[in-house]
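These protein sequence lines map, in sequence, to chains A and B. Note that the working numbering has the first sequence beginning at 1, numbered continuously upward. Note that the working numbering has the second sequence beginning at 1001, numbered continuously upward.
Just to be clear, a hint being listed does not mean it is correct.
[To be verified] Part of the chain A face toward chain B, derived, beta carbon under 8 Å: (1) K114; (2) E117; (3) L118; (4) S165; (5) P166; (6) P176; (7) A177; (8) H178; (9) P180; (10) Q181; (11) Q183; (12) S199.
Note that these hints are calculated values from the structure, not bench results. Please read these numbers as outputs of a predicted model, since none were measured by experiment. Built from N, CA and C at the ideal position, the CB exists for glycine as well.
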Amino acid sequence: MSRADVLVSADWAEENLDAPGVVFVEVDEDTSAYDGGHIAGAVKLDWKTDLQDQVRRDFVTKAQFEALLSEKGIGNDDTVVLYGGNNNWFAAYAYWYFKLYGHDKVQLLDGGRKKWELDGRELSKDTVSRPATTYTAKDQDTSIRAFRDEVLDAIGNKNLVDVRSPDEFSGKLLAPAHLPQEQSQRGGHIPGALNVPWSKAANEDGTFKSDKDLTDLYVGEAGLDDSKDTIAYCRIGERSSHTWFALHELLGQQNVKNYDGSWTEYGSLVGVPIEKDV
Amino acid sequence: MCGAPPQAPDLPAHVDITKETVIYGVVSHDGAPVPAAYVRLLDETGEFTAEVVTSATGDYRFFAAPGKWTLSVLHRDGAARKDVHALEPGLVEAALVLS
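For reference, chain A alone in the conformation it holds in the complex (with noise of 0.2 Å):
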């Protein structure tokens, strides 16, 4: 897999506008962005009501996610773009959800909102709607996500990426500084975690950096092991997906997982070790 395969960029999205089998598709942190203004012709996901079960702490169901993608017109055949703010933090998170159901053409548009509206580029507010599809999903691939004993088990064994902020891998913040910081879990991060936030994969317009300058930094700077698993987390899952995009789909790194319940759920687990700086 390249680069060319899982990347597109603005230039390539703005000529793609309207092509066949292309769909473009909007996921934020901040739900109300899309009604803003969003791409032509792009559909919105939520993060939170359309991809999280609504009662248990997990993800919808494969029918669920069936269901969702029917509605929004998605096919099985077609090409997903996904863009969204937050440097595409949740665009990523969607990709690697996507991916996690089996989806086989997905991809990110590079800088996501972020470099889309620094260059000036056109937002729409017309609404869109797609005809509907029936979609058909495949089961999780659990190769690309971790759950807590594997992540326990993974402590002095494997590559475990905690691509916080600084200030959060310490144990100073309790959440990136753009939420409250007033939360239930404890500060601190997992023995032996590397810190590589996942901001220094990023260009400041939120495209990615170069192979090369990734490579530089996970392998050489951060010292990763690659005859080894990795594990990526954060605080729910969103920026690690980020970082396995970086590893996985761009370096072609194989056995990257992500965790999903990240610091939210290891620092809340009863008996668990862990680093403190602060």
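Starting from the known structure of chain A, fit chain B onto it as the hints suggest.
The following block gives chain B in isolation, referenced to the frame of chain A:
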């Protein structure tokens, strides 16, 4: 507006400002507020901590912690950078003027 008290930020109801360190303000350019500007909060070492997009009224807001921080703003009309020092929890206002 001379002498008017600074406008308090719009905070969610459950936020306790005796515990939260809120760094907030307005991004402006030529005297007008700038919506859709990208404001970054950098930690003491200059490392990225968080990013928000300004509201329709040019407002931004972070929940940080006591300490030294840098704000860096990017917009197609310009950029700005400012250091702030939060001594204790509470409100810290920082206006950012694009140039």
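Hint check results:
Given hint, K114/A at the interface with chain B, holds; its Cβ is 6 Å from that chain's nearest Cβ, closer than 8 Å. The beta carbon of E117/A comes within 6 Å of a beta carbon in chain B, closer than 8 Å, and the hint placing it at the interface holds. The beta carbon of L118/A is positioned within 8 Å of a beta carbon in chain B (closest approach about 6 Å), and the interface hint is therefore held. The restraint placing S165/A at the interface with chain B holds, with a minimum CB-CB distance near 4 Å, inside the 8 Å limit.
Taking 8 Å as the C-beta contact cut-off toward chain B, the hint placing P166/A at the interface holds, the least distance being around 5 Å. For the restraint placing P176/A at the interface with chain B, the shortest Cβ-Cβ distance is roughly 5 Å, inside the 8 Å limit, so the hint holds. For A177/A, the shortest C-beta to C-beta distance to chain B is roughly 4 Å, which falls under 8 Å, so the interface hint holds. Of the supplied interface hints, the one on H178/A holds, with its beta-carbon coming within about 5 Å of a beta-carbon of chain B, less than 8 Å.
The beta carbon of P180/A is positioned within 8 Å of a beta carbon in chain B (closest approach about 5 Å), and the interface hint is therefore held. Residue-level restraint check for Q181/A holds (minimum Cβ-Cβ distance to chain B is 5 Å; threshold 8 Å). Nearest Cβ of chain B to the Cβ of Q183/A: about 10 Å, over the 8 Å cut. The hint is violated. Of the supplied interface hints, the one on S199/A holds, with its beta-carbon coming within about 4 Å of a beta-carbon of chain B, less than 8 Å.
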